[in-house]
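Going by my numbering, the residue at position 73 of the sequence shown is 73; the numbering climbs one at a time, nothing skipped.
For the record, the hints were derived by calculation from the structure and aren't laboratory data.
Idealized CB from N, CA, C, for every residue including glycine.
There may be inaccurate statements among the hints.
Below 30 Å or equal to it, Euclidean Cα-Cα: the simulated DSSO-like pairs (lysine-lysine) are [unchecked claim]:
| hint | residue 1 | residue 2 |
| --- | --- | --- |
| 1 | 208 | 159 |
| 2 | 68 | 159 |
| 3 | 93 | 159 |
| 4 | 5 | 92 |
| 5 | 159 | 56 |
| 6 | 56 | 68 |
Label pairs and their in silico Cβ distance ranges [as the list claims (entries may be wrong)]:
| hint | residue 1 | residue 2 | range |
| --- | --- | --- | --- |
| 7 | 239 | 50 | 20 to 28 Å |
| 8 | 56 | 216 | 23 to 31 Å |
| 9 | 55 | 158 | 32 to 40 Å |
| 10 | 216 | 135 | 29 to 37 Å |
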Amino acid sequence: MTPKKRLNILLADDGSQHAQSAVELLQDVPLPPGSRILILRVFNSGQIPLISDFEKSLERTRSQLSDKGFRVETDLQLGSAAETIIEFAARKKTDLILLGARGLRATAGILLGGVAQQVVEYACCPVLVVRAPYRGLLHILVVTDGSPYSQRAARYLGKFPLAENVDVRVLHVLPPIQPPLMMEPYYTGWRTVYARIPTREEEAAEEKREAKVGRALLQRASSLLLRMDIRSTTELARGDAATEIIDYAKSNQMDLIVAGSRGFSQFKSFWMGSVSRKLVHYSNCSVLIVKGPRKE
Numbered sequence: 001m002t003p004k005k006r007l008n009i010l011l012a013d014d015g016s017q018h019a020q021s022a023v024e025l026l027q028d029v030p031l032p033p034g035s036r037i038l039i040l041r042v043f044n045s046g047q048i049p050l051i052s053d054f055e056k057s058l059e060r061t062r063s064q065l066s067d068k069g070f071r072v073e074t075d076l077q078l079g080s081a082a083e084t085i086i087e088f089a090a091r092k093k094t095d096l097i098l099l100g101a102r103g104l105r106a107t108a109g110i111l112l113g114g115v116a117q118q119v120v121e122y123a124c125c126p127v128l129v130v131r132a133p134y135r136g137l138l139h140i141l142v143v144t145d146g147s148p149y150s151q152r153a154a155r156y157l158g159k160f161p162l163a164e165n166v167d168v169r170v171l172h173v174l175p176p177i178q179p180p181l182m183m184e185p186y187y188t189g190w191r192t193v194y195a196r197i198p199t200r201e202e203e204a205a206e207e208k209r210e211a212k213v214g215r216a217l218l219q220r221a222s223s224l225l226l227r228m229d230i231r232s233t234t235e236l237a238r239g240d241a242a243t244e245i246i247d248y249a250k251s252n253q254m255d256l257i258v259a260g261s262r263g264f265s266q267f268k269s270f271w272m273g274s275v276s277r278k279l280v281h282y283s284n285c286s287v288l289i290v291k292g293p294r295k296e
């Protein structure tokens, strides 16, 4: 499924194995004719003696992509990696940023601040974080929570260059079942809270209601994709959202997770993150984060 509009893509190349996987992805997907790829390498002052090596690396990447008939340009910039990528993308009005990232292994808690994470949060356009090895984009997981951001992500996928007969699945995660709270912290210690414990019948009725709402959200997202000629199957899970999504993607060998995110309007540091941040940080497959409209 090749989109009609040619794309303006920024490839952030750091010479890593994951960046090479991003190159392989660009060689593989059916980009519209006339699409432009901007290859950017960012270096710091301590790497100035390596400029010659960086130029050679950029030329190798350019040659790989030029062989596919794309319009390819390269640029070498001194500065902070994340800030430079974000500013370059805004200045060049790019439609998509690609960059490689290693990722981590758990979702319990994260100290954010890596280049990929910052680019995802503050870039002005969707960001595709690619992980090695690249195995194609044949199995895609679309995450929906019913928000305008997840709907925007589904619509973006309809414009994304995909292979024919791609396996697309839509996943919604119901919240975990919360046990009745019997104790709560107090400034002098703990105090007892007398909570009414629901009956099993009441719990079952609530679970049934939540499942019905979840299935309706899945149907809405699946119908949206179908209007863009993308057939999908739906999946319903329950638990911690990030953990369930990552576990599903791993056990089903998904190649790409697509999710929406609100994003931020200025460059700044932050601590604990949302589901989309955890997906970028911990997923073992590539992740496409589609941002909401930027607000200043």
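Restraint status (C-alpha distance of residue 159 to residue 56 at most 30 Å): Not OK: residue 159 and residue 56 at ~34 Å, beyond 30 Å, violated.
Hint check for residue 158 and residue 55 - Cβ pair distance inside 32 to 40 Å: Given range 32 to 40 Å: holds, Cβ gap about 38 Å.
30 Å Cα cutoff - pair residue 5, residue 92: holds (17 Å)
Cβ separation of residue 56 and residue 216, checked against the hinted range 23 to 31 Å: With Cβ atoms ~55 Å apart, the hint is violated.
Holds or violated: residue 93 to residue 159, with C-alpha atoms at most 30 Å apart: Between residue 93 and residue 159 the Cα gap is close to 17 Å, so the pair holds against 30 Å.
Pair hint outcome, residue 208 versus residue 159 [Cα-Cα no greater than 30 Å]: Violated, at roughly 35 Å.
Restraint status (C-alpha distance of residue 56 to residue 68 at most 30 Å): holds (19 Å)
Agreement of residue 68 and residue 159 with the hint, judged by alpha carbon distance not exceeding 30 Å: holds (21 Å)
Distance restraint hint 29 to 37 Å, applied to the beta-carbon atoms of residue 216 and residue 135: Because 33 Å falls inside the window, the suggested range holds.
Range hint 20 to 28 Å (beta carbons of residue 239 and residue 50) holds or violated: violated (46 Å)
When the structure is compared with the earlier hints, violations turn up for hints 1, 5, 7 and 8 and for no others.
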